[in-house]
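Using the hints, position chain B against chain A.
Number of protein chains: 2
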Amino acid sequence: MNKQDIPDIIISRLPVYLRALRHMQAEGKLTTCSQELGTGVGLSAAQIRKDLSQFGEFGKQGTGYDIAFLVDQLRKILKVERVWDVAVVGMGDMGHALSRYQGFSDRGFRVAMVFDNDRAKIGGQVEQFVVRDTKEIVTAIRESGIKVAMLCVPEAAAQGVTDLLVEAGVKAILNYAPISLSVPEGIYVQYLDPSIGLQRMTYYLE
Amino acid sequence: MNKQDIPDIIISRLPVYLRALRHMQAEGKLTTCSQELGTGVGLSAAQIRKDLSQFGEFGKQGTGYDIAFLVDQLRKILKVERVWDVAVVGMGDMGHALSRYQGFSDRGFRVAMVFDNDRAKIGGQVEQFVVRDTKEIVTAIRESGIKVAMLCVPEAAAQGVTDLLVEAGVKAILNYAPISLSVPEGIYVQYLDPSIGLQRMTYYLE
Numbered sequence: 001m002n003k004q005d006i007p008d009i010i011i012s013r014l015p016v017y018l019r020a021l022r023h024m025q026a027e028g029k030l031t032t033c034s035q036e037l038g039t040g041v042g043l044s045a046a047q048i049r050k051d052l053s054q055f056g057e058f059g060k061q062g063t064g065y066d067i068a069f070l071v072d073q074l075r076k077i078l079k080v081e082r083v084w085d086v087a088v089v090g091m092g093d094m095g096h097a098l099s100r101y102q103g104f105s106d107r108g109f110r111v112a113m114v115f116d117n118d119r120a121k122i123g124g125q126v127e128q129f130v131v132r133d134t135k136e137i138v139t140a141i142r143e144s145g146i147k148v149a150m151l152c153v154p155e156a157a158a159q160g161v162t163d164l165l166v167e168a169g170v171k172a173i174l175n176y177a178p179i180s181l182s183v184p185e186g187i188y189v190q191y192l193d194p195s196i197g198l199q200r201m202t203y204y205l206e
Numbered sequence: 001m002n003k004q005d006i007p008d009i010i011i012s013r014l015p016v017y018l019r020a021l022r023h024m025q026a027e028g029k030l031t032t033c034s035q036e037l038g039t040g041v042g043l044s045a046a047q048i049r050k051d052l053s054q055f056g057e058f059g060k061q062g063t064g065y066d067i068a069f070l071v072d073q074l075r076k077i078l079k080v081e082r083v084w085d086v087a088v089v090g091m092g093d094m095g096h097a098l099s100r101y102q103g104f105s106d107r108g109f110r111v112a113m114v115f116d117n118d119r120a121k122i123g124g125q126v127e128q129f130v131v132r133d134t135k136e137i138v139t140a141i142r143e144s145g146i147k148v149a150m151l152c153v154p155e156a157a158a159q160g161v162t163d164l165l166v167e168a169g170v171k172a173i174l175n176y177a178p179i180s181l182s183v184p185e186g187i188y189v190q191y192l193d194p195s196i197g198l199q200r201m202t203y204y205l206e
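Chain order of the listed sequences is A and B. All residue numbers for the first sequence refer to the numbering used here, where the first residue is 1 and numbers rise by one. All residue numbers for the second sequence refer to the numbering used here, where the first residue is 1 and numbers rise by one.
Rather than coming from a laboratory, the hints here were simulated on the basis of the structure. Where hints are given, some of them may not hold.
Note that the list lumps identical chains together, so a pair holds whenever it fits in one copy or between two copies.
With a straight-line Cα cutoff of 25 Å, these simulated DMTMM-like cross-link-like pairs (lysine to aspartate or glutamate) come out [claimed, not checked]:
#1 K147 with E206
#2 K79 with E206
#3 K121 with D93
#4 K147 with D193
#5 K79 with E155
#6 K29 with D163
#7 K79 with D93
Bound conformation, chain A alone (with noise of 0.2 Å):
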């Protein structure tokens, strides 16, 4: 199946399955049906299963899903079976916890480059990196043939850096920053801006 073919609003809910198997996994757990899946990450057990349907044959009618299985399985789909390096430009708070946040490890990506545009912080240390000057994003990056960043620079800086990390060669960018980026077809961008999870919510608070 050709993967434009799936709806994007499935893939955004692959990772939630996976981060949920993941979880029953490390409770002991071996298999799991669509019916505890859903209440898990709370969706109906119709949607677990049409979601799933669309990328095989994963489980049997009555036994359920093998929890191992299914976990290689949603792994190999978002293809994060591999790790991806990933280089963090921008060293305020949020980069700098992302730079030693615990959470990546065993889920596909690994900090490998950090960057910032301060004299005061290049050539500095952030848990084990020596952060290097925005200006080195293009050469930097090439060579490394990292694909992913995370964008943790002010709202002004935003666009520039993101057009560096175009030019490098990366084609996923996880943004801090609260706007909106400009990116050509075939480069990817998610947003991470929490006033706009919030906002997402307080619109259903009486």
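Here is chain B on its own, set in the frame of chain A:
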């Protein structure tokens, strides 16, 4: 119109429109059109028009949208024409970063209270806040009437703290812990798990 009638996927886009419109405002623009707004957020003009039409008639054929008016309307719809006090639980890197995050101030939110369960941190200062004991969550949040919280505790503590927040009357939780939370009906959770954002994109990479 009953708000349950409007799909959540549309609600999820309104904060993004608002952010883009505020950005145009900051650049001194007075009017825009669905085409331009669409380009800014990566959606079609038709989608923008369809989404906004759920809430009324905001633009005029031929003249487009008055940005200030549309910003006001979206802020009212999302209930961020007021300022929501927010509690932050967990004073690790992420909690620290959020406590001093500058991006909330004119977007409807203000950090008002911070918590941790670490004796070494309780009573200490983070920004202008004195760190409170997580044991005080129920009394302190109830007393203050806070309805919104950001959860930055480790995975193992997240569900327990969530239960306290719900008991305290919190209705909306922005969760940074890499775990799906169980909450009763009428409580809203949004997840800001960076691994999830990254995995959504690696699916598309070669």
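Hints versus structure:
Taking the shortest Cα distances, K147 and E206 sit within 25 Å of each other only across copies (10 Å), while inside one copy they are farther apart (43 Å). Within a single copy, K79 and E206 get their C-alpha atoms only as close as 41 Å, which misses the 25 Å cut-off; across copies the closest is 9 Å, which meets it. Taking the shortest alpha-carbon separations for K121 and D93, both the intra-copy value of 13 Å and the inter-copy value of 18 Å come in at or below 25 Å. For the homomeric pair K147 and D193, the shortest alpha-carbon distances inside one copy (21 Å) and between copies (19 Å) are both at most 25 Å.
For the identical chains of this complex, K79 and E155 are inter-copy neighbours only, at 24 Å across copies versus 30 Å inside a copy, given an alpha-carbon limit of 25 Å. For the identical chains of this complex, K29 and D163 are inter-copy neighbours only, at 24 Å across copies versus 45 Å inside a copy, given an alpha-carbon limit of 25 Å. Taking CA atoms no more than 25 Å apart as the test, K79 paired with D93 passes in neither setting, with 29 Å inside one copy and 28 Å between copies.
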